[in-house]
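Line order of the protein sequences matches chains E and W. If you read the first sequence in our numbering, its first letter stands for residue 292, the second for the next number, and so on. If you read the second sequence in our numbering, its first letter stands for residue 136, the second for the next number, and so on.
Heads up, some of the hints might be wrong.
To be verified - Here are the in silico distance ranges between beta carbons for each label pair:
| no. | chain 1 | residue 1 | chain 2 | residue 2 | range |
| --- | --- | --- | --- | --- | --- |
| 1 | E | N358 | W | G151 | 42 to 52 Å |
| 2 | W | P174 | E | K362 | 25 to 35 Å |
| 3 | E | P403 | W | Q192 | 38 to 48 Å |
Hints were generated in silico from the structure; no laboratory data involved. Values in this document were obtained by computation on a predicted structure and should not be read as measured data. Beta carbons are placed, not taken as given, at the ideal position from N, Cα and C, and that holds for glycine.
This is what each chain is made of:
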Amino acid sequence: GENVEQHPSTLSVQEGDSAVIKCTYSDSASNYFPWYKQELGKRPQLIIDIRSNVGEKKDQRIAVTLNKTAKHFSLHITETQPEDSAVYFCAASINAGNMLTFGGGTRLMVKP
Amino acid sequence: NAGVTQTPKFQVLKTGQSMTLQCAQDMNHEYMSWYRQDPGMGLRLIHYSVGAGITDQGEVPNGYNVSRSTTEDFPLRLLSAAPSQTSVYFCASSYGGEVQFFGPGTRLTVL
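Looking at chain E on its own, in the form it has when it is part of the complex:
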């Protein structure tokens, strides 16, 4: 089955700096790669996703890049703010949107 690895497990940045979280996946058939943000005690919520026919996608301060050849994808957050502090999860799926395999999560701390 699919295996998703996520790095780093914790990331601390100064407010205004950029943050990058990286994930690798094992199954070349995976075609859907979402990123979820989970605040303490809350449910995971989708922040951005990318499909295998696209190399990059942006939404304001957030961007995701995908390298299918290397089987890795990354989340980029620019101009970080304290409210960006949370745990971020990457995931991969063969059937887009269903049966997600998650990475272990990255705890992002943005220091004011």
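Given the coordinates of chain E, work out where chain W should sit on it, guided by the hints.
Chain W alone, transformed into the frame defined by chain E:
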């Protein structure tokens, strides 16, 4: 729309007890899934369903049963609770290739 709802929010069980975690969605989504979240391990898929009457196992199905008699409901049954099942359980739903929406979670402690 209420979205995805889960009950109860918190539950404490003794080893060997059984119980059912409830999940319902009002978005007419075909797909529903159950995940468990343990510290440092992300979310792991327990069981999923692609429509009423159809269920299948995920990564960690042992000790859990599911059924899908209606589009709206997807209960998760713990047959004989064990301390290793202490976790936060999330139900999620999606429509085909769209985004998965998560419920608020159930925090389960097995003593």
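Against the structure, the hints:
no., hint, result
1, N358/E - G151/W: 42 to 52 Å, "holds (48 Å)"
2, P174/W - K362/E: 25 to 35 Å, "holds (27 Å)"
3, P403/E - Q192/W: 38 to 48 Å, "holds (45 Å)"
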